[in-house]
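Taken in sequence, the protein lines are chains E and Z.
If you're matching positions, the first sequence starts at 1 in the working numbering and goes up one per residue.
If you're matching positions, the second sequence starts at 1 in the working numbering and goes up one per residue.
Mixed in with the good hints there might be a few duds.
To be verified - Computed, partial: chain Z to chain E, Cβ under 8 Å:
| hint | residue |
| --- | --- |
| 1 | HIS36 |
| 2 | PHE37 |
| 3 | ASN40 |
| 4 | PHE67 |
| 5 | LYS70 |
| 6 | ASP76 |
If you are wondering where the hints come from, they were derived from the structure by calculation, not from laboratory data.
Glycine included, C-beta positions come from ideal geometry on N, C-alpha and C.
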Amino acid sequence: MNNLRRKLVGMAAILLLKPFAALAAWNKDAFGAKTPQDALKGIGAGNPAPSKDLVIEAPQIAENGAVVPIEVSSAIAGTTAIAVIIEKNPFPLAAQFDFQNGALPYVKLNVKMNETSDVRAVAIAAGRQYTATKEIKVTIGGCGG
Amino acid sequence: MAGPMKMRATLGSGYTDVRVLMTHPMTTAQSNQPLHFIQNITVKQNGKAVVEAQISQAISRNPVFTFRIKGGAKGDKIEVSWLDNKGETSSIEAAVA
């Protein structure tokens, strides 16, 4: 009897905890991908279309690969997510941002870059995927930090 | 170690600018230290989630982000929280100035 009760309480606890776990979802497959192609697939953007309305602002040459400032903004109507992929990093996917309730599709972040690489931004708007790239040259790699 | 956060939320022309700094080592699998990095960030405006981010170890140490929210007003409550791969968490709250 006691055992059954314990099991039931345990199950109830799992059911209660689950929604919170879902809130803090982290896309393990996409972040664990070792190629940009697998990272794109992992975020559901296997074949994004190039777009000039997705803009990456970043220095052409980053002296310190440990802190490379990147600004991404999308002028594509209905953009709900932006992802940043550093193609030559050991794990290319750096970040994904989901925008809702009035957040503008804009983000500024600092990333680590292992070596000179194309940086790819991906935007998702109305279920379609768009992309833009910019090459950033790195003098000293910054992934050892 | 994970430490204090700093945040400034200001009104731009037609949007609210949220600049936030998190104190965190953000160590990578390439370093000789244990993997320790922030995975989730949530930005809320007056209690409503506006940005949900998932980030990797490729974000620089002591991460700084700027986000923008359409419109907004002085006094709006902005809250930013993070959760890392070890289950540590922190948050900060400020009113739009």
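Do the hints match the structure? See the list:
{"no.": "1", "hint": "HIS36", "verdict": "violated, 12 Å"}
{"no.": "2", "hint": "PHE37", "verdict": "violated, 10 Å"}
{"no.": "3", "hint": "ASN40", "verdict": "holds, 5 Å"}
{"no.": "4", "hint": "PHE67", "verdict": "holds, 6 Å"}
{"no.": "5", "hint": "LYS70", "verdict": "holds, 4 Å"}
{"no.": "6", "hint": "ASP76", "verdict": "violated, 11 Å"}
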